[in-house]
Amino acid sequence: MLIRLWGNWLRASDVDRAVRSRGNPFASPAPVTFQVTSGTKMLLDACVRLLAYSNQIIAEGIPVRLVFEDGLAMGYLDRMGFFDHLTPEVEVSPDRPVVSGAYVFGGNNRGLVEICAIRPGMDAHDLISKLKETIGATCGARTDFPQFEDAMTTILSELIENVYLHGGDGATGHAAFQSYPASNKARVVVSDNGRGLMQTIRPPLEDRDPSYRHVRDVDLLVEMFRDGLSRFDDPSHGNGLKGCATKAIRYRATLDVRLRSQAVTLVPSGEAYIPNTAILSSELPKLAGTHIAFELSLV
Amino acid sequence: MIVLRDMMPKSEGWGREMGRPVFSKLVEHVERNPDQTIFPISFKGVKQVDYSFASETVVQLARRYKGEKGFYLFEIATPYIEENVDAAARRVEQPLVIADAKGHRFIGSEPSAGSKAALDFVVARSHARAAEIADAIHVTVANASMKLKQLWSSGFLLRRESVADTGGVEFVYQRIA
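Sequence order for the protein chains is Z and S.
Residue 0 is where the first sequence starts when you use numbering that gives the first Met the number 0, and the numbers rise one by one after that.
Residue 0 is where the second sequence starts when you use numbering that gives the first Met the number 0, and the numbers rise one by one after that.
Since the hints were derived computationally from the structure, they do not count as laboratory data.
Note that the structure is predicted; figures quoted are calculated from it, not measured.
Errors might be hidden in some of the hints.
Distance condition first, Cα-Cα at most 30 angstroms in a straight line; then the derived DSS-like pairs of lysine-lysine [as the list claims (entries may be wrong)]:
1. Z:Lys184 - S:Lys24
2. Z:Lys131 - S:Lys9
3. S:Lys9 - Z:Lys40
4. Z:Lys131 - Z:Lys40
5. Z:Lys129 - S:Lys46
6. Z:Lys129 - S:Lys65
Ranges between beta-carbon positions, derived for each pair [unchecked claim]:
7. S:Glu74 - Z:Arg19: 14 to 24 angstroms
8. Z:Glu270 - S:Ala76: 18 to 28 angstroms
9. Z:Arg207 - S:Pro20: 28 to 38 angstroms
10. Z:Ala116 - S:Ile136: 32 to 42 angstroms
11. Z:Arg207 - S:Ile136: 34 to 44 angstroms
Partial pick of chain Z residues on the chain S-facing surface, computed with a CB cut under 7 angstroms [claimed, not checked]:
12. Ile57
13. Ala58
14. Asp149
15. Thr153
16. Pro234
Just so you know, even glycine gets a beta-carbon here, dropped at the ideal spot from N, CA and C.
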């Protein structure tokens, strides 16, 4: 299966669409090639989605190959440390860098982007601290920096917590941050390969309140981010995603959530996300886990 | 006095997992001081907390001892810490007291409109009986007593038994801090 990725500033949803247009890469043992065409630029969430597809497909024993037609996208992915997180068995053409660009450019020059692995049992504090350094290095001059830093780290810590809560034992994932000074935007992405938000929340929620059986995923998702919902029958839980939304909405953030076979984009309406403005893509190839991305406006 | 930072492994509090052992230490401190009813909690040295950490620690502590012991927070370094503790407390309808240079105020759950005047009276006086409040806000003693009971059971006030002028038992309601 050949999946071509092309265009200017691809989003994660563009990667999903490109995959869907070719069918389900998990459905057969046939090798899968992602071809990143010449001149293509990818946003952070697209890079993390490509990473998720590549790592999940090869974990099923299906060979995966990434082909870069020119050095632009490959160089960018290298600097962010993409290849450090790509399963070694994934074939890369041209060959993956011998020394990671993230290592070469680490520290000062790495600049605007940071991608970190989430692993079971790891210290989330260290991970957030690392991302916090990049947030400080890239956005430290903002007049509202303390507020911005609190918003970003709260979003990251709550989303990373969610990976441990909803991923299940052994779930792994990635957390990433990038600022885009030219467009005054920032992106925060947390992606995992675990059991998934709906899969863990729905059963206990429906047991407690059978009326939830008739609630669409998109409406449930909006409720999670607007009012808070938890699989635990304890009101102290379920505040994390709502809290993320409260902070993100101050930066007029668009929220993208990729579930197992559908994706939802929420745009803020005033102080909240509402179902009426949700954009839903369904019948996507099944991807394990939950993949959440905020695009924040920094103007 | 409880110094929260001394119970935390790092100056930032992120997530429930980090919060759980801190909560255990908080409970341990309270249980070691059975005669103390009001505990100041200093946030000095705490740089950040997220919702989950706040929920798992100070909010959970206040919930556990609601009506029995009171906690007030002070030396909170940033408005964002207060914002996150406030959101975590609101989630479970738990009031929390902040006592600092700005004075005594509540975050988290808010008192009902009908009982706010009674609460303000107790907070201004540090403690009061139903009869005093009934006089001050012009309601019957039974009505004042009901408002105070509701404020106590919701976690806004503490109370202790006292001997009334008539020789019976009455409650003295006490502000936290």
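field: Violated hints - listed by number, lowest first
entry: When the structure is compared with the hints, numbers 1, 3, 6, 7, 10, 12, 13 turn out to be violated.
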